[in-house]
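J.: The primary structure of each chain is shown beneath.
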Amino acid sequence: MKKLFTGFALLAPMAVFAQGYQLNLQGTRQIGKGSTGLADPTDATAMFTNPGSTAFLAANDITFGITPAFSKGTFTDANTNVESHSDNPVVTPFNLSAAYGREKSRFKYGLSIYTPFGSTMRWEPGSAGRFETREIALLSISFQPTVSYRISNKLGVGLGLVYTYGHVQIQKDVPVQFSNGDFGTASIDCRANGFGVNAGLYYAVTNQLALALTYRSALNMKTSSGTAEFNVPASVSGNFPNQDVNATLPLPQIFGLGMTYKPTKNWTVNLEGYLSDWSKYDTVRINYETAPVAGSMSSDLIREYNTGFSVRAGVEYLSENKYELRAGAFFSKSPIPDGYVNPDVPDANRINPSIGASYNFTKRFRVDAALLAEFINRKDENIVSGINGTYNFTIWLPSVGLTYKF
Amino acid sequence: MKRFNLFMTVIAITALSWASCKKDAKTKVSAGDADFTKYVAIGNSLTAGYADNALYYDGQMVAYPYLIAQQLRQVGGGEFRQPLVDRSSVGVGISGNARLALSVVNGALTPRPVAPSGDMTIFTSSVANQGPFNNMGVPGAKVTTAIFPGYGNPANGAGNYNPFFTRMTTAPATASMLSDAAAQHPTFFTVFLGSNDVLGYATSGGAGSSITPMEGAPGIGFSASYDALVTTLVAGGAKGALANIADVTTAPFFTTIPYNGLVLTAQAQADALNNAYAPLITAGLVASFKIGANGFIIADADAPSGLRQMKPGELVLLSTPQDSLKAGWGSSKPIANQYILTTAELSQIRTATTNFNQKIRSVATEKGLAYVDVASFLQHVKTVGVEVNGRKIGTTFVTGGAFSLDGIHLTPIGNVLLANEFIKAINTKYNAFVPLVDASGYGGVKFP
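Listed in order, the protein sequences are those of chains A and B.
Mapped onto the working numbering, the consecutive letters of the first sequence carry residue numbers 771 to 1176.
Mapped onto the working numbering, the consecutive letters of the second sequence carry residue numbers -12 to 435.
These are calculated hints, taken from the structure and not from any lab test.
Even for Gly, the Cβ is constructed at its ideal location relative to N, Cα and C.
Wrong hints could be hidden among the right ones.
To be verified - Label pairs and their calculated CB-CB ranges:
hint: 1; chain 1: B; residue 1: Gln309; chain 2: A; residue 2: Ser995; range: 39 to 49 Å
hint: 2; chain 1: A; residue 1: Ala1061; chain 2: B; residue 2: Pro245; range: 49 to 59 Å
hint: 3; chain 1: B; residue 1: Pro245; chain 2: A; residue 2: Val1154; range: 26 to 36 Å
Could you build the full structure based on these sequences and the hints that come with them?
T.: Written as structure tokens, this is what we have:
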């Protein structure tokens, strides 16, 4: 497992900004139906979507999914009409989940490894926001051992303990110029980790209707190691000492409420809503541990996020044959209030459509595919930095998953 | 069929979201009611791109009218010629000096000329054949001298002609800045003059040239000269923008050295000074010296025995020799009058500035021209600072970013901010949308 983790960690920095940094890419099937599935357990990825539903899985399975993100965008300055481009590296959020329970057992146990938050933004050199962010890469990976218990034929509960490791790298230009006209640069590199829980309830009201309630706790990501490095002219290097830094990144608690309705044997309709409480995400303070930088012992990223929510709908068609089709969409209300949009995570309210399909090669082996599109369009004038303009981003997220039942 | 409808719905949602994302975020540019075909800028050293105490190539290439002209190209503006000096030249300043650059002297960052003397060939080799020049900024020009024929005539004798103008005019003996500007038949012009009408007085601590009087014939009085200038420029129907002048205290040249910069660290020093100035202390002209900050001792002809202590609000000029301060100026010896602006001198400067700005504003109103309130803008930069896409620009010497190493002229980013103030005023007055200058590539003071 260790080796697998290191291999994937290299693949894992992500380029998606669903609801701030939050990814919703923990299952190819879910992606295909508007990222729904709270009350609709399909495979071991249910441990992430709703640990309470996992005990209702008909089989044991191991499932792996990968969702490369192709993201590209433009910032158009409202004052100058100048465009800055962001051409982000292709990155690959993934999930790997295995759930097991003995036949007839009311318990299922499992482990889910996934990438809950992430984003990579790489702006072209000289872009308008260069003194805020030239590049930010946030990588996170969570390990979630999970227990799910079927209390009755109708009711299930589940609890996962989540350990999350994160790595943030920020690069920006410093407004101090060398003799040759180049600007100085700063890089901040932090590794952090935190513990949380992922809990869920699943209730099958009838054969056709199921309800679900989930809770993912807030994660206080505390740095385990962090460094700040500056490249500035020699004569002012005393004002920019390289040193260790620390910070706490308060990631949100998330509530989910879902409903699944099966009007016929073939059709499934999911409706659900999420609340992400980003209210603790106000000012991210990077503390310098030894000496002031440009006269200050900290660097504050002022964010003032609010609560975001997401309303999702998905439908699925399971054929008598071996194929499955699905489609959906979700609307996300951005947690970033007006006046606080930054070039690091230019989030917006948006509608994300998706489609998906699966093919069951055998009773045990299934291949899933999905395509999610995200379109971001937001005009904002940041009240802190004064950056004023329109962010336009297009992100294509094709997803492939493999599931083996045993 | 159900399935087909479903997928059509998803495709429709996708197409709609995609379309909303793809629409062009740019604002449509427009010249509005103005015609920017031929833009001519009249002004002084700030207009010429003088910076770091010299006229040199890099400064000229970020001069605010040059930056404005680059933006005007998007709305029909044409070529903008400047009397460029050689790219490799160390430049030349009013006193024949080279441009300043920061260097580390005895462990401290200090502005130093990059060469022992300025590039005097700038004055001796005319570039007039490369003209006519859209940038009619001439270092040292005043409202009164801008309309003076023969302003570049060496036959007038040293001090009575301007060699910066001589090098750029085809008719040094007869041309004025105004006549060379008007001969180009500008469709659009900017005038940013008046600073030298007070600044010459201010930068010499009130000891040098006098403030231009409001009244008097063209060439003598500010009012009539300004009228003559603008009337000529609008004669052919041209539109334009008039900029007012800033309060002297917005420039770090006047504010970097505090009035109470005499810092004593030992009681013995205080005792010695108290002893030396005992009679003045008794007379109430000097406060008792103490450890910490004390007002400098300055020369003042109006004070009994010719010296007194500085008062809050009075200014020490950046030109005050630092080695002299170390050698006892301001404590055991008074700082000479030419390095000090006293309350009385400042009051004259402020009155003149207020009058000049009232005149400029009334001309702008009367002729229907845009009015660029540089004074308010620089006051804002000084007191609050401006956030330029995540970097704060202020007026503090060296670190503030807006002012170059001479403490009076602007850095590249300072010029960008000024150019944008012009453009904003132009856009408002003429219902235009000329995009502002993108500041992201422009910096302040460069560090070794």
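J.: All hints are to be evaluated individually against the structure, with a verdict given for each.
T.: Each hint tested on the structure:
For the pair Gln309 (chain B) and Ser995 (chain A), the supplied restraint of 39 to 49 Å holds, since their beta-carbon distance comes to about 45 Å. For Ala1061 (chain A) paired with Pro245 (chain B), a C-beta distance near 27 Å fails the hint of 49 to 59 Å. Look at Pro245 (chain B) against Val1154 (chain A): about 31 Å separates their beta carbons, and that is inside 26 to 36 Å.
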